[in-house]
Amino acid sequence: MAFISSGYDPKQPMKNRITDIGPKHFKDFLPPVLKNNYGKWLYHEILEPGILMHKAESGDEVYTIRVGSPRLMGVQTIREICEIADKHCGGHVRWTTRHNVEFMVDNKDKVGPLKEDLLSRKHDAGSYKFPIGGTGAGVTNIIHTQGWVHCHTAASDASGTVKAVMDDLFEEFTSMRLPAPLRLSMACCVNMCGAVHCSDIGFVGYHRKPPIVDHFTLDNICEVPLAVAACPTAAIRPTKVDLPDGTKVNSVAIKNERCMFCGNCYTMCPALPLSDGKGGDGLIIMVGGKVSNRRSNPKFSKVVVDFVPNEPPRWPTLVKKVHQIVEAYSSGARKYERLGEWAERIGWERFFEVCDLEFTWHLIDDFRDPAYETWRQTTNFKF
Amino acid sequence: MAFISSGYDPKQPMKNRITDIGPKHFKDFLPPVLKNNYGKWLYHEILEPGILMHKAESGDEVYTIRVGSPRLMGVQTIREICEIADKHCGGHVRWTTRHNVEFMVDNKDKVGPLKEDLLSRKHDAGSYKFPIGGTGAGVTNIIHTQGWVHCHTAASDASGTVKAVMDDLFEEFTSMRLPAPLRLSMACCVNMCGAVHCSDIGFVGYHRKPPIVDHFTLDNICEVPLAVAACPTAAIRPTKVDLPDGTKVNSVAIKNERCMFCGNCYTMCPALPLSDGKGGDGLIIMVGGKVSNRRSNPKFSKVVVDFVPNEPPRWPTLVKKVHQIVEAYSSGARKYERLGEWAERIGWERFFEVCDLEFTWHLIDDFRDPAYETWRQTTNFKF
Amino acid sequence: MAKHKTPLLDELEKGPWPSFVSDIKREAESRTKNANNVEYQIPVDVCEDLLGVLELSYTDGETHWKHGGIVGVFGYGGGVIGRYCDQPEQFPGVAHFHTVRVNQPSGFYYSTDFLKQLCDLWEFRGSGLTNMHGSTGDIVWLGTTTPQLEEIFYELTHKLDTDLGGSGSNLRTPASCLGMSRCQYSCIDAQDLCHDLTIEYQDFLHRPAFPYKFKFKVDGCPNGCVASIARSDLSFIGLWKDNIRIDQEAVKAYIGGEIKPNAGAHSGRDWGKFDINKEVIDLCPTNCMWMEGNTLKINDKECNHCMHCINALPRALRIGEETGCAMLLGAKAPILDGAQMGTLIVPFIKCEAPYTEIKDLIEKLFEFWMEEGKNRERVGETMKRVGLYKILQVMELEVDARVVQEPRTNPYIFWKEEEVPGGWDRQIEDYRSRHKM
Amino acid sequence: MAKHKTPLLDELEKGPWPSFVSDIKREAESRTKNANNVEYQIPVDVCEDLLGVLELSYTDGETHWKHGGIVGVFGYGGGVIGRYCDQPEQFPGVAHFHTVRVNQPSGFYYSTDFLKQLCDLWEFRGSGLTNMHGSTGDIVWLGTTTPQLEEIFYELTHKLDTDLGGSGSNLRTPASCLGMSRCQYSCIDAQDLCHDLTIEYQDFLHRPAFPYKFKFKVDGCPNGCVASIARSDLSFIGLWKDNIRIDQEAVKAYIGGEIKPNAGAHSGRDWGKFDINKEVIDLCPTNCMWMEGNTLKINDKECNHCMHCINALPRALRIGEETGCAMLLGAKAPILDGAQMGTLIVPFIKCEAPYTEIKDLIEKLFEFWMEEGKNRERVGETMKRVGLYKILQVMELEVDARVVQEPRTNPYIFWKEEEVPGGWDRQIEDYRSRHKM
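Residue numbers (the UniProt record's numbering), protein chains in the order written: chain A, 1 to 383; chain B, 1 to 383; chain C, 1 to 437; chain D, 1 to 437.
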């Protein structure tokens, strides 16, 4: 492969340099029907799962078909999306914040052919490329992170767990039979890129073994004070270590029983790896968060399963636990009730019962002073 | 006055000594109708403000007349209570946890004469000795502390503020026209003996000036490390001081801007007085707490008036603010709704409006991490 | 004539509410007059001087009492609070003005005989002024001198069969609501448990062995009339586990307006005709009640025993018959690190004399706290510091979802090594064999 | 034929949900085939090796990516995340595998022309693999080598008029919901505010000047589709201040069953006939709605604009006309000291271009945080440390009861000396003149 220059001259980096221009203006990309009715929308209807109609004051209508995506996609797939958008949608398309793709047409007659086209497209191995759904009182796409595909702190895979769970919940994606929208998210470590901390159901990769100290490397590439300061529980202290070869290095010692496995030290110093494929790493499941202000205030998710092992490629235990929760919610909640609202209404003690999940001591908060607020200070509980 | 020995011999303290016997057994003191129906009560009714009837499975009834008291009472008054109890109640009487006195009779016919007798008794200066009331959806007696009568950390008087407020709320004591019971309490400093932290309305004496350091005394009677450790905000540090007479003493220095006026240092070391009669000391008003589990969980009281000056003898500003709150609650709350439930339902922003109280920055929590939980993390508020 | 002019205090004799000023003056006059020729063992003008020093506080807006110092009776580490006036020359009658805490009988019932004996003793050897009762529950006697303390104690124990209460870093005098003596809601014999614990733990009550004070309080039901959930380090609250008993005839009588709801507690205002839906069913926090025709139905499994319906319809509804209590740990006022309500540690335990199971738990807790609690740390603060689970562990209690209002929102679980397959002892060489640097 | 056997990953090609494995394989095959004779600037087998290293992770349960190191484009301190494989010999195609963040257009709308240009550039100079989009909102390009970074940047800015996004201790790429472009609920022009702030603060976006990352997100209404309240250091949420607009004819149509409630979002299950009381009025959190005959009434003063009724009856109810936004500060995920939602600091502010008032507030905040924030401290943590009032002060905001959910429960007010009459400078001699020791 020959190197082909873009025109950039490394010897004169400032020559013709363009910086700080930001993104293209979004109005350049709006389909005409949206541009024409910008700020003049009257109402919308979900005609069927995945298909929305928005009505403007002008009488104009726009029909949107929402399809799922794996978030991780190659340019071949994006080009296929472009092909569809060119064919049906006048060359416009949009993504949602939850990695869905939206195809918009300005006439009801165009909906049928577009829908048929989308559903006809499958990968050779059989999965849909563009499953229609993700609207209303159903499951929509799972917000997730990189996992083993691309992240150095991942304690589990993101794309794989998401694929396994979405296969299981596929019918909830393509229908609207739940009490309310159910937002799922996945994060491959406790840094929680994405909004796992405020999702109806979230699953999070995490470690359960304290870091291994690579003393030699640490002395070479890390600053001891930074590593020490990185620990939120003061489990790391400076020390000097004699290596087998007799060299004395500056390193750190870990007070294992104080470690909460957050991995912040590893972020600051790569000589402190935590990951462990031999039973240490796995996932927790959190539920009951929401970001909408509808009816009740936004809520944080709560940890309801303290550990699910990493079981690649299809994580059957994770899938089963999530399934149990969705089933119990679906049959127990009232119309409009989000998962967290339902759990609060019936009481968390009852939630564990109806979801057939075990409440273990790990689920009792013991992190910092606000833990107290999560303990029970009333006799108002159910037997 | 000649010293009269009880029989105790200071030279032989252990001679005939009786210890660790605890209180008399309560069953020795129960009126016969209670003893006979112990654990066999069916229901009760409040016949009129201050007068209850309890019905037992046996068909027995006991009628109780509840009267207020100033808590602080001399033995002359207690003897008068005995006289009444002997006359009407077979020699039995009881107090409530809120300093009320209860006279019980076992026959409805005895109620009228007892009531008449109680209301006929007044102090020479005019106040009732035994006002009848304190039941149901009304104001009952105020739980309070010692104040200037007997306490070394008091920032305000207890008995005086209580008397002034109860005079103002007297009609609420003798009637049952509020939406729910209204429990008031008073504490003369932030130690909050009594349950001000969980009362519908509470007022608390407190300081607003950092301690004065009495260096000479401190060196003589306090241990510097204890004084330093007593400070929850690390505002106190050890120092050496040259007194005007040239002596050098071990003492402490106060970082005034870190002081939160809790007085814990003064409790540990009397050489650090906080009290200030020249504008420093006064009261705060807290509202919305409750201890009952009825309908909603127990709640802490919230600070809604950041300062009321000490205005002895009758604290008109305090009385007025409390009155405003009671009025607004009385006209705004629903039947069965406690003050805190009402404030939460309408929203605290609306509470300040309807009570005509000013919301100041002092009311925003800034104490420790859990302060965050009291800030607003939603757009669900009212304009 | 009064010894001191008290123009400010005199203002507090006005108004309808019983005046504490009038009460103190009454005591002062009685002492001056001394109709019964009592040989007062402390200054006869103690009440006069109390009024005097209080008037001074009303004038200058500051208290005139000083720190206690250590006073008490032989062998006890509590029960007396030393108190001195900082203007002893002006007010010699209250120069020494110690407080005595006398252990009240559970539920605050008295015979007048006993009360009169208390009055005689306290008039004779103290100021005659009392609090009926102090915040913790004791009979509080305000103002005596050091030489009288042993005398008072001797007479109290020998003649009145009554002991001092707690103070300092002791078990404080336990207190309860009136329980089964006059309340149909009491799920447990609150007075008996209170009395039993008081007797059982006399040693802790009188001799400081704890990091800080410790309070037991007993509420017969979730209405919480003695506020145990807010005011006691270990709170007992009576509960039932089975079904609310319903008298359907009485339900109809309420609906028909024959009986006033809520025991008549709202009779001072016209709240309109009773509506069982509006006042009871719709206000049930768990929505576990409904009407089938004229019959009130309750899904007791979903009831959280908040007491609202029972309070609202006391003639129709009664607590269940399988009774016991919950235990909640760690309530305290804001000093120093913020207020705490009691945290549920035992959702349900049988509560019958001799309370063996309950005492076993208490003793495990005491043992742990005496070992691990820091100086002047309330047990609720210890619990915050070590975590709720640690408390459950030391008390050997089951982990029950009921102890939390909600599960944790953070993923920072402190796993223990033995819980993690393969343990924590890992070699960097092994790791580097899979991951190059 | 595939370069690496991937039996585990192959399992993830099964099932109906779009398979990322199939997608990567598709890209891998396309590169191998190279039908368009692209002169790939990074290894042709990059996708093959990605599958290989991922299969290894599926086998040993550990990630094989290493810390980034500092890579980027000249003059920028963000936008590129360095990434290296810890098994470069086995998987040379992904030995260097950096991420490029490309600033997405507000609302994620694209023309296919523009998308195709992006595809061409990324296929040519990178792996061809993307995330549409990353959690923060950027177009994420997965996998290229260091020499390509400047080339990509040059083509991006010169040919595509598009810039890199943020990373590190920078302003992160702002994001918004689709706002007024296709939503009747949007109280503000969310996309425009997002775009405007992005352009205004380009310098902060590209050059690390902050203690830690900082995110703006814009939600058009309290439904919060972009989750700004949970995911952004400074969250803008559109609101109205006046009355909800009611179309009473449409209300009747809902009641009559002619229109499905909640825009048809529940049509997959039979929830029974629509009941406006059950589904709307009784669910209103402030109980500010009622029916008068066939007319729906709202006491707008008591409305807390939670959106439930508007969501439930979108054809009958519309947001008001006096619109603006609330601003909330400090949301973040649990790392390190627990999660925070955004805290309300501005209940309502006009939100119209050029957004001068909003930018004034932002700049005061930035100035304070750059001065006072600690290293790696999110602004929400700074706010927790210094207190909410301090933030209001530095931003010169009014104190409004709306910024708290409830007032403080502790009495520990930090009074300032100038607020207390007589000040704090007191003499012990003066005190002792009133109080003897």
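Misleading hints may appear alongside valid ones.
DEER-style ranges, computed between Cβ atoms [claimed, not checked]: (1) Arg121(B) to Glu417(D): 27 to 37 angstroms; (2) Arg258(B) to Arg237(A): 23 to 33 angstroms; (3) Lys11(B) to Asp161(C): 18 to 28 angstroms; (4) Glu39(D) to Glu80(A): 17 to 27 angstroms; (5) Pro225(A) to Pro225(B): 24 to 34 angstroms; (6) Glu257(B) to Pro225(A): 28 to 38 angstroms; (7) Asn34(D) to Thr247(A): 29 to 39 angstroms; (8) Ala234(B) to Arg237(A): 20 to 30 angstroms.
Pulled from the structure, derived: some chain A residues nowhere near chain C, Cβ distances all over 10 angstroms [said to hold, decoys possible]: (9) Lys15; (10) Thr19; (11) Lys55; (12) Asp60; (13) Lys209; (14) Ala234; (15) Asp242; (16) Lys302; (17) His323; (18) Lys382.
Below, a list of computed lysine to aspartate or glutamate pairs in the EDC-like style, where the Cα atoms sit at most 16 angstroms apart [claimed, not checked]: (19) Lys278(B) to Asp425(D); (20) Lys382(B) to Asp300(D); (21) Lys382(B) to Asp270(D); (22) Lys390(D) to Glu80(B); (23) Lys27(A) to Asp113(D); (24) Lys278(D) to Glu150(C); (25) Lys11(B) to Asp282(C); (26) Lys278(A) to Asp60(D); (27) Lys278(A) to Asp400(C); (28) Lys255(B) to Asp425(D); (29) Lys116(C) to Glu257(B); (30) Lys14(C) to Asp167(B); (31) Lys382(B) to Asp242(D); (32) Lys382(A) to Glu417(C); (33) Lys436(C) to Glu89(D); (34) Lys278(B) to Glu418(D); (35) Lys416(D) to Asp400(D); (36) Lys116(D) to Glu83(A); (37) Lys382(A) to Glu150(C); (38) Lys40(A) to Glu321(D); (39) Lys390(C) to Glu80(A); (40) Lys382(B) to Asp10(D).
In case anyone wonders, no lab produced these hints; they're calculated from the structure. Built from N, CA and C at the ideal position, the CB exists for glycine as well.
Checked hints:
1. Remark: the range hint 27 to 37 angstroms for Arg121(B) to Glu417(D) is contradicted by a beta-carbon distance near 51 angstroms.
2. For the hinted restraint 23 to 33 angstroms between Arg258(B) and Arg237(A), the CB-CB distance of approximately 29 angstroms keeps it satisfied.
3. The supplied range of 18 to 28 angstroms is met by Lys11(B) and Asp161(C), whose beta-carbon atoms lie about 25 angstroms from each other.
4. With their beta carbons about 23 angstroms apart, Glu39(D) and Glu80(A) fall inside the hinted range of 17 to 27 angstroms.
5. For the pair Pro225(A) and Pro225(B), the supplied restraint of 24 to 34 angstroms holds, since their beta-carbon distance comes to about 30 angstroms.
6. Under the hint 28 to 38 angstroms, the C-beta atoms of Glu257(B) and Pro225(A), about 30 angstroms apart, fit the expected range.
7. For the hinted restraint 29 to 39 angstroms between Asn34(D) and Thr247(A), the CB-CB distance of approximately 50 angstroms leaves it violated.
8. A hinted range of 20 to 30 angstroms holds for the C-beta pair Ala234(B) and Arg237(A), which are about 23 angstroms apart.
9. Against the 10 angstroms criterion, Lys15(A) stays outside the reach of chain C, whose nearest CB is about 38 angstroms from its own CB.
10. Distance to chain C confirms Thr19(A) as a non-interface residue, since its nearest Cβ pair spans about 35 angstroms, more than 10 angstroms.
11. For Lys55(A), the shortest C-beta to C-beta distance to chain C comes to about 37 angstroms, beyond the 10 angstroms cut-off, and the non-interface label holds.
12. Even its closest Cβ contact with chain C, about 44 angstroms, leaves Asp60(A) beyond 10 angstroms, as expected for a residue assigned away from the interface.
13. With a least beta-carbon separation of about 5 angstroms from chain C, Lys209(A) fails to lie farther than 10 angstroms from that chain, contradicting its non-interface assignment.
14. Even its closest Cβ contact with chain C, about 14 angstroms, leaves Ala234(A) beyond 10 angstroms, as expected for a residue assigned away from the interface.
15. Every C-beta of chain C lies more than 10 angstroms from that of Asp242(A), the closest at about 15 angstroms, which supports listing it as non-interface.
16. Look at Lys302(A): its CB is around 4 angstroms from the nearest CB on chain C, not clear of 10 angstroms, so calling it non-interface is violated.
17. The claim that His323(A) is not at the interface with chain C holds, since no C-beta of that chain comes within 10 angstroms of its own (minimum 20 angstroms).
18. Against the 10 angstroms criterion, Lys382(A) falls within the reach of chain C, whose nearest CB is about 5 angstroms from its own CB.
19. Between Lys278(B) and Asp425(D), the direct Cα distance comes to roughly 12 angstroms. Compliance with the 16 angstroms bound is thereby established for this hinted pair.
20. About 9 angstroms separates the Cα atoms of Lys382(B) and Asp300(D), which keeps this hinted pair within 16 angstroms; it holds.
21. Pair hint Lys382(B) plus Asp270(D) does not hold up; C-alpha atoms about 35 angstroms apart against a cutoff of 16 angstroms.
22. Using a Cα cut-off of 16 angstroms, the hinted pair Lys390(D) and Glu80(B) is violated, with the two alpha carbons roughly 58 angstroms apart.
23. Proposed proximity of Lys27(A) and Asp113(D) is supported: the alpha carbons are some 15 angstroms apart, at most 16 angstroms.
24. Proposed proximity of Lys278(D) and Glu150(C) is contradicted: the alpha carbons are some 71 angstroms apart, above 16 angstroms.
25. A hinted pair counts as satisfied when its Cα atoms are at most 16 angstroms apart, and Lys11(B) with Asp282(C) does not qualify at roughly 70 angstroms.
26. A threshold of 16 angstroms between alpha carbons decides the hint, and for Lys278(A) with Asp60(D) the separation of about 8 angstroms falls inside it, so the pair holds.
27. At roughly 30 angstroms between alpha-carbon atoms, Lys278(A) and Asp400(C) are farther apart than 16 angstroms, so this suggested pair is violated.
28. Proposed proximity of Lys255(B) and Asp425(D) is supported: the alpha carbons are some 12 angstroms apart, at most 16 angstroms.
29. Restraint check: the Cα-Cα separation between Lys116(C) and Glu257(B) comes to about 53 angstroms, which exceeds 16 angstroms; the hinted pair is violated.
30. Distance restraint check for Lys14(C) and Asp167(B): the Cα-Cα separation of roughly 9 angstroms lies within the 16 angstroms cut-off, and the hinted pair is therefore satisfied.
31. Of the supplied pair hints, the one linking Lys382(B) and Asp242(D) holds, its CA atoms being roughly 11 angstroms apart against a limit of 16 angstroms.
32. The suggested pairing of Lys382(A) with Glu417(C) is violated, with an alpha-carbon distance near 34 angstroms, which exceeds 16 angstroms.
33. Restraint check for Lys436(C) and Glu89(D): satisfied, since their Cα atoms lie roughly 10 angstroms apart, inside the 16 angstroms limit.
34. For the proposed pair Lys278(B) and Glu418(D), the alpha carbon gap of about 14 angstroms is at most 16 angstroms, so the pair holds.
35. For the proposed pair Lys416(D) and Asp400(D), the alpha carbon gap of about 19 angstroms is over 16 angstroms, so the pair is violated.
36. The straight-line distance between the Cα atoms of Lys116(D) and Glu83(A) is roughly 10 angstroms, inside the 16 angstroms bound, and the hint therefore holds.
37. This hinted pair does not check out: Lys382(A) and Glu150(C) have alpha carbons roughly 51 angstroms apart, beyond 16 angstroms.
38. Note on Lys40(A) and Glu321(D): the hinted pairing holds, with a Cα-Cα distance of about 12 angstroms set against a maximum of 16 angstroms.
39. Restraint check for Lys390(C) and Glu80(A): the C-alpha separation of about 58 angstroms exceeds 16 angstroms, so the hint is violated.
40. Straight-line distance between C-alpha atoms of Lys382(B) and Asp10(D) comes to about 54 angstroms, which puts the hinted pair past the 16 angstroms bound.
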